[in-house]
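A.B. asks: Chains as they are written, first to last, in numbering that gives the first Met the number 0: chain A, 0 to 657; chain B, 0 to 209.
Possibly wrong hints are sitting among the right ones.
To be verified - Derived DSS-like pairs: lysine-lysine, alpha-carbon spacing no greater than 27 Å straight-line:
(1) A:Lys234 - B:Lys166
(2) A:Lys233 - A:Lys150
(3) A:Lys233 - B:Lys151
(4) B:Lys166 - B:Lys29
(5) A:Lys233 - A:Lys279
(6) A:Lys181 - A:Lys137
(7) A:Lys247 - A:Lys205
(8) A:Lys237 - A:Lys338
(9) A:Lys279 - B:Lys166
Claimed, not checked - To give a feel for the contact side, a few chain A residues facing chain B, derived at Cβ under 8 Å:
(10) Leu167
(11) Glu168
(12) Trp298
(13) Gln301
These aren't lab readings, by the way, just hints derived from the structure by calculation.
Cβ atoms here follow ideal geometry from the backbone N, Cα and C, with glycine treated the same way.
Here is what each chain is made of, one letter per residue.
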Amino acid sequence: MSNGSENHPSAGSLVGGPTPSPAIAKKVKKVVELRLDAPELSAALDQLTEFYGANTLENRRNLKSCIEKRGIDVNHQFINCFEDVMKKLDHVENYVMKLSDCSQRMQQRLHTAQTTTAQVLKLTEQLQKKEHTAEAHKNLVLAFLDRFRLKPSEMQLLQTGEVSDPFLEVLDRVGQIQSESKQLLRVHHKTALMDIVDEAASLQEKGFDRLYRWLQKELSNVQGDSSDVPLLVKKGLKTLRSRSALYKVCLEDLAVSRRQALHKRFVAALSRGGPGGTPKPIEIHAHDPLRYIGDMLAWVHQALASERELLASLFIATRPDSSEPSKMNSVTARVEEDKVLAGVLDGVSSTVQARVEAVLQSQSSAVLIFKLGNLLLFYLHTIGGLLPDGASLTSTIQGCHKLAGKLFMELLTASSQRLYKQPPPCPSTLAPHNDILAALEELKEVMSSFDASLIPARLRENYFKPVVEEGVEPLIGACALSANAITPAEGSIYLVNCLLAIQTLLQRYDFCAWRIPRLQNQIAQALEQGIKEQVLIIMRQCNLDDKMYSVRSWKSEQRGEGMESLSGMVGMDPLALSISLKQFYGVVLTSSLEYRYVDRLSTSSIRSSARSKVAAGITQSYKELYDAIISPESGYREPHAILLHGPQQIESLLMGSV
Amino acid sequence: MSQFEYIFKYIIIGDMGVGKSCLLQQFTEKRFPEDQPHTIGIEFGTRVCEVNGKVIKLQIWDTAGQERFRAVTRSYYRGAAGAIMVYDITTRSSFNHLATWLTDARNHTNPSTVMMLIGNKLDMAKQREVSFEEADAFAKDNGLIYLEASAKTGQNVEEAFLRTARKIYENIQSGALDLNAAESGVVSNRTRSNRIKAGQTPTNASSCSC
Numbered sequence: 000m001s002n003g004s005e006n007h008p009s010a011g012s013l014v015g016g017p018t019p020s021p022a023i024a025k026k027v028k029k030v031v032e033l034r035l036d037a038p039e040l041s042a043a044l045d046q047l048t049e050f051y052g053a054n055t056l057e058n059r060r061n062l063k064s065c066i067e068k069r070g071i072d073v074n075h076q077f078i079n080c081f082e083d084v085m086k087k088l089d090h091v092e093n094y095v096m097k098l099s100d101c102s103q104r105m106q107q108r109l110h111t112a113q114t115t116t117a118q119v120l121k122l123t124e125q126l127q128k129k130e131h132t133a134e135a136h137k138n139l140v141l142a143f144l145d146r147f148r149l150k151p152s153e154m155q156l157l158q159t160g161e162v163s164d165p166f167l168e169v170l171d172r173v174g175q176i177q178s179e180s181k182q183l184l185r186v187h188h189k190t191a192l193m194d195i196v197d198e199a200a201s202l203q204e205k206g207f208d209r210l211y212r213w214l215q216k217e218l219s220n221v222q223g224d225s226s227d228v229p230l231l232v233k234k235g236l237k238t239l240r241s242r243s244a245l246y247k248v249c250l251e252d253l254a255v256s257r258r259q260a261l262h263k264r265f266v267a268a269l270s271r272g273g274p275g276g277t278p279k280p281i282e283i284h285a286h287d288p289l290r291y292i293g294d295m296l297a298w299v300h301q302a303l304a305s306e307r308e309l310l311a312s313l314f315i316a317t318r319p320d321s322s323e324p325s326k327m328n329s330v331t332a333r334v335e336e337d338k339v340l341a342g343v344l345d346g347v348s349s350t351v352q353a354r355v356e357a358v359l360q361s362q363s364s365a366v367l368i369f370k371l372g373n374l375l376l377f378y379l380h381t382i383g384g385l386l387p388d389g390a391s392l393t394s395t396i397q398g399c400h401k402l403a404g405k406l407f408m409e410l411l412t413a414s415s416q417r418l419y420k421q422p423p424p425c426p427s428t429l430a431p432h433n434d435i436l437a438a439l440e441e442l443k444e445v446m447s448s449f450d451a452s453l454i455p456a457r458l459r460e461n462y463f464k465p466v467v468e469e470g471v472e473p474l475i476g477a478c479a480l481s482a483n484a485i486t487p488a489e490g491s492i493y494l495v496n497c498l499l500a501i502q503t504l505l506q507r508y509d510f511c512a513w514r515i516p517r518l519q520n521q522i523a524q525a526l527e528q529g530i531k532e533q534v535l536i537i538m539r540q541c542n543l544d545d546k547m548y549s550v551r552s553w554k555s556e557q558r559g560e561g562m563e564s565l566s567g568m569v570g571m572d573p574l575a576l577s578i579s580l581k582q583f584y585g586v587v588l589t590s591s592l593e594y595r596y597v598d599r600l601s602t603s604s605i606r607s608s609a610r611s612k613v614a615a616g617i618t619q620s621y622k623e624l625y626d627a628i629i630s631p632e633s634g635y636r637e638p639h640a641i642l643l644h645g646p647q648q649i650e651s652l653l654m655g656s657v
Numbered sequence: 000m001s002q003f004e005y006i007f008k009y010i011i012i013g014d015m016g017v018g019k020s021c022l023l024q025q026f027t028e029k030r031f032p033e034d035q036p037h038t039i040g041i042e043f044g045t046r047v048c049e050v051n052g053k054v055i056k057l058q059i060w061d062t063a064g065q066e067r068f069r070a071v072t073r074s075y076y077r078g079a080a081g082a083i084m085v086y087d088i089t090t091r092s093s094f095n096h097l098a099t100w101l102t103d104a105r106n107h108t109n110p111s112t113v114m115m116l117i118g119n120k121l122d123m124a125k126q127r128e129v130s131f132e133e134a135d136a137f138a139k140d141n142g143l144i145y146l147e148a149s150a151k152t153g154q155n156v157e158e159a160f161l162r163t164a165r166k167i168y169e170n171i172q173s174g175a176l177d178l179n180a181a182e183s184g185v186v187s188n189r190t191r192s193n194r195i196k197a198g199q200t201p202t203n204a205s206s207c208s209c
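The following block holds chain B by itself, in its conformation from the complex:
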């Protein structure tokens, strides 16, 4: 049984049907559900992975894209260390709605929350309605990490989640993310005394490996 050092909290947002739950399942269980029902409210998945030599547990909250759950899902932004925004490269409208999602996310998350943009359904690139360049420009304008991925083939899925985790980890090391914050979306697994030390001198935290 692996002992992890941190827990990072993620939230996945985006329009209905862009494949949020499938991305999550591809990442946590390495499988693609052919017949994924609409998410009711909110679902939850975890995976332990290694980032920069540290064992980290990702706790991922997958929200329902349906409008009727918006009021509920909004409450889950609170204290997320990573927000993963998903659109469907074959559905123009899902890309057009990103600005709303981004505003929503910015309004409800911490300033240090790492934002990632995923253009899903790369396996259906033939029916593409949103070009890579356009989305890339959008991501650059808004300071988002950007990748196109496919929940079906698994392409780039791992990379997307891990890249976010690496960025969060860098934020911890640079001190941008305050580990003492009870709701920073990152939970350290050390004892309190160690953690205060780590918080004060983040560089120590990296050298002191457990």
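Chain A with its partners taken away, still in its complex shape:
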């Protein structure tokens, strides 16, 4: 088989050359290596059969061109075929070109659109942001307005509505708005806040004004005997507190209405009493000044307690909230409360004063006046303690108490001066005269009343001193004057008795104890005098008094030059002496010695001690006489004939009979 093919045009050289050139070798090798079962080869051979009819030379020679021709044909065909394709492709290309054109345009438009959209988006975003801000602002403004302005309904309420709890709340809120605005004003938003402040101020003004008018009406309606103020009034007052001028006026109004009511009730209690006569009018006891004034002041005291409670409840309710810095406020509230209370009680001051003064001035009994004074003092403490300093009721009671004190002292001085100027005559019993006893009885009542008073123990002595000085001293003086009007013996005993009675009185009360020592001294002096007088009188009764006188003068002269003997003195001769002494011995021995004066001492213990002192005094005198007579210088020849008894004997006899 031939190895010639269009793919190997050089195959002939292989056959031709004896010596294998490298080219031939290559060809051979190629032929050898040609694979016969390759499909390409078979396909090529198949094709060859179509146009290669017979294996002729010509054919063989032409094979190559034939193949080439055929190749060209095929190519021509191919080209022809592809011309359509080309055309179509051109079309396609055209289309594609158009498409791409189109798409490019679209892309461009898209791009443009994109740009536009982006702007729009950006704008939207900005707008959205703005919207948010605006929304926030709106909320803020709404919140601000909500906080800083009243709602129309509230405004309506404030301007025309009834005073009620909501009204007060709104009014409180206006105040709050104002204060908050003012705080804010320091920082920013001046104009808006100024407007708000102005608006709030004018609203508040209107509100306060209406509240004030309403309160005035309500407070004047607060019934005198009602015990409490309606809660709404309390709340209203509390709100009004921030407008102090109006608040003060309201408090004054309250005080006035309570004062008038209190006065009315007081007058009714005084003159009418309860309905049907129970309780009876206070004046029904006008004849009994203590009861009358006591009931009157007790009524006032109880009314005061009730008023105080009422005001306390009112002021607790209106006290500034604890949240406010309130130490100062609560003090001022306390002062306000006290002021109102004092104002209310003013309502009874003049009535009390008029009646008490009338009672006091119509009294003639010092004791009663003193008791009334004590009663007034009690209420000065009791009522004065509940009222602030300087309350008019307190000064009224104080004035009455002073008046009582003054009238008492006047009456006391007058009565004791009367006694002093006209000392009552001393009765024969030498007991204190009834007038003195009556004066002492009065003093006793005064002291016992004073003892029951509220004056603290440490002040009592000083407080009562004037009474002792004005009441007791002239009494002592009067007794002394009476005593001087009679014999010294009687007088001194009378004085002792009077002083003892005074001492008994003063000893009862501690607050008079200071006067006791001096009084005891006075008593001792008078008593000594009395004893001396008694001794003298007894001696005189036995005619020994002149003998004693002679003995004493002889004894004093004996020390000088005279040297006259005792027995030579007038009346001292042994006979006269023994007569007198016998009389004396008779009296002593029969125990018939009369202690006529000292026996009229009113106190038994003093009486018996006085008797012994008299006995001692007589013994003493006798001893003096005895010693003088028995002494050798006396000139008696037989003194023992005259002197029958020794001093010891006499003493024991006398002491035995005391």
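Model the placement of chain B on the given structure of chain A, informed by the hints.
C.D. replies: This is chain B only, laid out in the frame that chain A set:
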């Protein structure tokens, strides 16, 4: 703050040292003062309490038992709605003096005044000198409400004051106590117009609650 409807005035009387002031303090402050000084003249205490559903303020006047204050304390009987007589169950004499106190009270109070007798110091019942039966008989004879109580432990104290208040309240409702009386010892807290109504028809007063 409670709004009360009535104020009742009380007076506490009895011998010195029977524990009047302690009873008052136990009632108003729920405490017992160990070292209570003698009352000087007159003292005053209040407490708001509820009686038959009404808020009532009790205004209590505590008198000095000492004789020297008798003239002063006597003036406080006037217009008391309740008189509380106190004796000490461990002191015979304080019981024996009750007749005097009762006369004093009857002479100076309104006929409608509610009288209560308290035998105080029940905590010292071991040293008792007055039996319950005897005092009870005395109370019955004289138409007094009677209780034994202890100001120290608080036993029966509340009851004594409230029982008196209930009786006063019943008197108001039955019309025995005239609310219009300025000095009946009861002050109503309503407005005047209401009060006149209440006075006329006492039954209305009870139904119209504020």
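A.B. asks: Compare the structure with each hint and give your call.
C.D. replies: Quick rundown of the hints versus the structure:
1. Between Lys234 of chain A and Lys166 of chain B the CA atoms are separated by roughly 34 Å; this puts the pair beyond 27 Å, and the hint is violated.
2. For a cut-off of 27 Å, the pair hint linking Lys233 of chain A to Lys150 of chain A stands: about 26 Å separates their Cα positions.
3. A C-alpha spacing of about 38 Å is found between Lys233 of chain A and Lys151 of chain B, which places the hinted pair above 27 Å, so the restraint is violated.
4. Restraint check: the Cα-Cα separation between Lys166 of chain B and Lys29 of chain B comes to about 23 Å, which is no more than 27 Å; the hinted pair holds.
5. Taking the CA atoms of Lys233 of chain A and Lys279 of chain A, the gap is near 35 Å; set against the 27 Å cutoff, the hint is violated.
6. Distance restraint check for Lys181 of chain A and Lys137 of chain A: the Cα-Cα separation of roughly 23 Å lies within the 27 Å cut-off, and the hinted pair is therefore satisfied.
7. Distance check on the hinted pair: Lys247 of chain A and Lys205 of chain A sit about 18 Å apart at the alpha-carbon level, within 27 Å; holds.
8. Our distance criterion of 27 Å between C-alpha atoms is met by Lys237 of chain A and Lys338 of chain A, whose separation comes to about 17 Å.
9. Pair hint Lys279 of chain A plus Lys166 of chain B holds up; C-alpha atoms about 24 Å apart against a cutoff of 27 Å.
10. Against a cut-off of 8 Å between C-beta atoms, the interface hint on Leu167 of chain A is violated, since the closest Cβ of chain B lies about 16 Å away.
11. Annotation: Glu168 of chain A was flagged as interfacial toward chain B, and the flag is violated, the nearest CB pair being 18 Å apart, outside 8 Å.
12. At about 7 Å, the closest approach between the beta carbon of Trp298 of chain A and any beta carbon in chain B falls short of 8 Å, and the interface hint on this residue holds.
13. Interface restraint check: Gln301 of chain A against chain B, minimum CB-CB distance 7 Å, threshold 8 Å, status holds.
In summary, the numbered hints that this structure violates are 1, 3, 5, 10, 11.
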